[in-house]
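**Student:** Residue numbers (the numbering used here), protein chains in the order written: chain W, 1 to 236; chain X, 237 to 309.
These are calculated hints, taken from the structure and not from any lab test.
Nothing here was measured: the structure is a model prediction, and the numbers come from that model.
Facing chain W, a subset of chain X residues (Cβ under 10 Å, in silico): (1) Ile283; (2) Leu286; (3) Met287; (4) Phe291; (5) Glu293; (6) Ile297; (7) Tyr298; (8) Ile301.
From the three backbone atoms N, C-alpha and C, an ideal C-beta is built for every residue, glycine too.
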Amino acid sequence: MHSNLLIKLCGFPFTNTVTTTIIVDIMVIILISGIKYKLNIIPNALQNVFELILIYFEDIIFKITNSKKQTRAISPWIFSLFLFLVISNLITKIPGLELLSIAIAARCIKCFKVSTSDLNVTFALSLIAIILTHFLSIKYIGLRNYCKKFINFKYFPILFFVGILELFNEITKIISFAFRLYGNMIAGEKILTTMYSICPFIIPIPFICLEFMISIMQSLIFVILTIVFMHNLTYI
Amino acid sequence: MKMLIDLSGGLIMGIGSLGPALAIGLIGSKALEAIGRNPESSDKIMINMLMAMSFAEAIAIYSFITVLLNLHM
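Kindly generate the complete structure, drawing on both the sequences and the hints.
**Tutor:** In structure tokens form, the structure reads like this:
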């Protein structure tokens, strides 16, 4: 929604959030392959940072799920989601990157915009997270136990309707995931724009700090909620 | 009509963020109380607190999105 159109390639609208997403993808791939190329028992600085993040997440996942097997199954997905989210939330905070703009039809349009402030991106991410949850569930507890979570005839009227509610809950999860991230990022953008238009000198600094905190926090919350949903569906 | 739309935006945001603000304050105060009583369990409480907060915050975000949609209609 409301990301600005740069050009149309073969009928596909190529917006300024697409450029940011592509740049973030390239950055993640280069970072990870570079670390993998120089993997060592005595880690260098970059590898040390990434090991720190990885160990932190494995710790969180182990605390939530309480089992080694689930931790090994969940953690790679979680780590890649978090890396993409945090880099795409923070990349436009690089000074000067948001100033790059081109003129199209007598309007000044930014080349780069935070990719998670586009509803399409967040919706795609939440779809990935939820579909992944169901896929992992079927893979690790089997189709029979997976179906048992939604269709249950044990205490006939009660658990049957609970199962139907759970089924609807899966759909609302996708929407709430997408809107939470999108709303937070676009709210931050609007606040910063307002503050810059009031006084561009010293006043926006605390809001920029708040923005930093929120963008890290939101990616963390997205990831933690994914962990909890995965845990709920991958234990019998 | 334009004035009504503007007014509705302000009202939605004001009333809609009342509940989540109270909820987040309550969650934070209770979590801090729990951490004060039992500091060893702060990690577990922190994760659950963040989760509950994000659920409460989502309601304010929905109202914000409604306002945005209203303004662009």
